[in-house]
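Same order as they appear, the protein sequences are chains A and B. Counting in the working numbering, the first sequence runs from 51 upward without gaps. Counting in the working numbering, the second sequence runs from 2 upward without gaps.
Simulated from the structure, these hints should not be mistaken for laboratory data. Check the hints yourself; a few may be wrong.
[Said to hold, decoys possible] If the Cβ cut is set under 7 Å, some of the chain A residues that face chain B in the computed set are:
| hint | residue |
| --- | --- |
| 1 | 353 |
| 2 | 355 |
| 3 | 359 |
| 4 | 389 |
| 5 | 392 |
| 6 | 432 |
Source: prediction; values computed, not measured. Built from N, CA and C at the ideal position, the CB exists for glycine as well.
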Amino acid sequence: MKTIYLDNNATTQVAEEVMEAMLPYFREYYGNPSSAHSFGGQVEKYIREAREKVALLLGAEPEEIVFTSCGSESDNAAIRSALELNPEKRHIVTTRVEHPAIKSLCGHLAGQGFRITEIPVDSDGQLDMGRYEESLTSDTAIATIMWGNNETGVIFPVEQAAALAREKGILFHSDAVQAAGKIPINMKESNIDILSLSGHKLHASKGVGVIYVRKGVKFAPFIVGGHQEMGRRGGTENTAGIIGLGKACELAVEKLEEENTRVKKLRDKLETEILQRVPNTKVNGGPSERLPNTTNISFEFIEGEAILLQMDELGICASSGSACTSGSLQPSHVLRAMGVPFTMAHGSIRYSLSVYNTEEEIDFVIDSMPPIIEKLRAFSPYWKKGKIACTTS
Amino acid sequence: MWEYTDKVKEHFLNPKNAGEIENADGVAEVGSMACGDALKLTFKTDGEGKIEDAKFQTFGCASAIASSSALTEMIKGKSIEEAAKISNQDIADYLGGLPKEKMHCSVLGQQALEKAIANYRGETIQEKEGEVVCECFGITDREIEKAIRENNLTTLEEVTNYTKAGGGCENCHDAIRGMIADIRSEEKPVITPHLSNIKKMKMIDETIENEIRPSLKQDGGDIELVDVIGNRVLVKLQGSCAICKASQQTLKNFVEAKLKEMVWPELVVEEVTQ
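Using the sequences and the accompanying hints, generate a full structural model.
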């Protein structure tokens, strides 16, 4: 059975070119870039090149790029650094729909006495910018707002938010893990101070990430150790991972246009066709500006895990914001924050595409969804009732 | 991803008895959309108290659908009395087990069965007996207590896995912990009824002779039973044991542990040094 992978917001396949670029750093150039001998030392040059490639994708300077182990580390490092460098400030501004790397950390910090303001979103997933502006105070150590939402793909006006923070002299961080490589990012013309990025979301390997720190912004290392990354992140470099990430960023620059044309078209086709063919469906965050690869569709009166497992039987990979798939007992915090009703929230499926998806695959998914939904609705106790409710309204 | 048994997958992918029986003899609806799973069970009897046919409609995850399908298969052909004895654990067992986080799916099935049988018997079923403890999922103290007793639950996490109670805002966590503690404290340690002093002494003597002394002798030591007073076992260590620095550990970890295991859980071993 062929796998149709539409779960690219969870992780992506390592690009063939990335794999090729990485392999020599396992086999031949396994030396430690910090070593005095030229065998190890030569690797430093290639790390520098990778740093330049990452900088290019972000419109940044190479010195502003710090390699980490993942997006979560970058997120943690950003917040912890801000708190450490501003010990008198005890307030963090964030949103209700952040990735757990931010959300759980803020919850943890709240337990330590920090004040956390979570900015709400509306039913389209849009941030309440009025509330955001009001919440920035002289006590705020950092404002952290994701660029693109991993579940719905909704894009936040981070530039506007960063500008407001800068006006008040507040450090601004954005988790750009989902945005990088999918929409243009140019840090040269940005007010964002710190940015997080993850390798495995853009066809590099797992275990490598980036924290961008704007020149002039003070930064306290999260992992204290050797002098690596100019003292900003201790620990021997994940050389193969870093080289791979460099290659992946180079590819992302090349494919950014394809992402926003061909991939976007495939996403739109998938979305439009499913909505047309399956009644009682809705795109979560639909009216908002969204990442070109993501669509989050709710199928009313059925449950997401059941849908996913039926799709799995056909080799289609996606994810769901339903309670049963999250491992908790409630639907995803993102859908709850948007006020998506229970009839819809439990039956949400996120399809996230990549440049490696073909039209043929999308057509197969489009054809596969209606019978799956019909099958599950056939024995849902709410389906009949739902139909009646809909025809009368 | 959950690890489901083949039986769960089979019942999920090809559910048996999906649908609704018209003019059913027993009908029940449990769960709700807000809670994430709901089940409507209908069954028909042969007029003499035997379940002839059963059907389900389920809104929920794979294990909820599989549990519903399994339930209908289990009750078909059974008398009402037999069916009434089916527990949530029976449903889980029928499916070759459920992930512990999914046990609430089997509880949902059992609740539907209980309610449908009450409906068949014409008993008035009060919607939700007891007081709501978990506001998020509308779970009452009665439901929680039943799950704790029937499945011998000891932790908050288990209660959440079985009933969903406590899986939302967490405000009820203290209340649930309190319920677990109350129910558990009712239980007295299991004690073998009637062990006369004579029999106890005899068993102690035999255990020392057959289980303990041979081990000590291997290390050049020995033990002598001096007396038994109530649950106090007085012994004298001999040979190399008498001069061994680890003898106190041997006494507690080996001699006493062995006697507790073989004879009586409340025995305490004491060394007599004249």
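Hint residue 389/A vs chain B: min CB-CB distance below 7 Å? Hint on residue 389/A: violated, closest Cβ of chain B at ~13 Å, above 7 Å.
Proposed interface contact between residue 353/A and chain B, which counts if any beta carbon pair is under 7 Å: Given a least distance of 5 Å, the restraint on residue 353/A holds.
Against chain B, with CB atoms and a cut of 7 Å, does the hint on residue 359/A hold up? holds (5 Å)
Satisfaction of the residue 432/A interface hint, Cβ to chain B closer than 7 Å: Status holds, d = 6 Å.
Status of the residue 355/A interface restraint (C-beta, 7 Å, chain B): holds (4 Å)
Hint check, residue 392/A versus chain B [nearest Cβ-Cβ separation less than 7 Å]: At about 5 Å, which falls below the 7 Å cut-off, the nearest Cβ of chain B leaves the hint on residue 392/A intact, so it holds.
Going down the numbered hints, you'll see the structure goes against just number 4.
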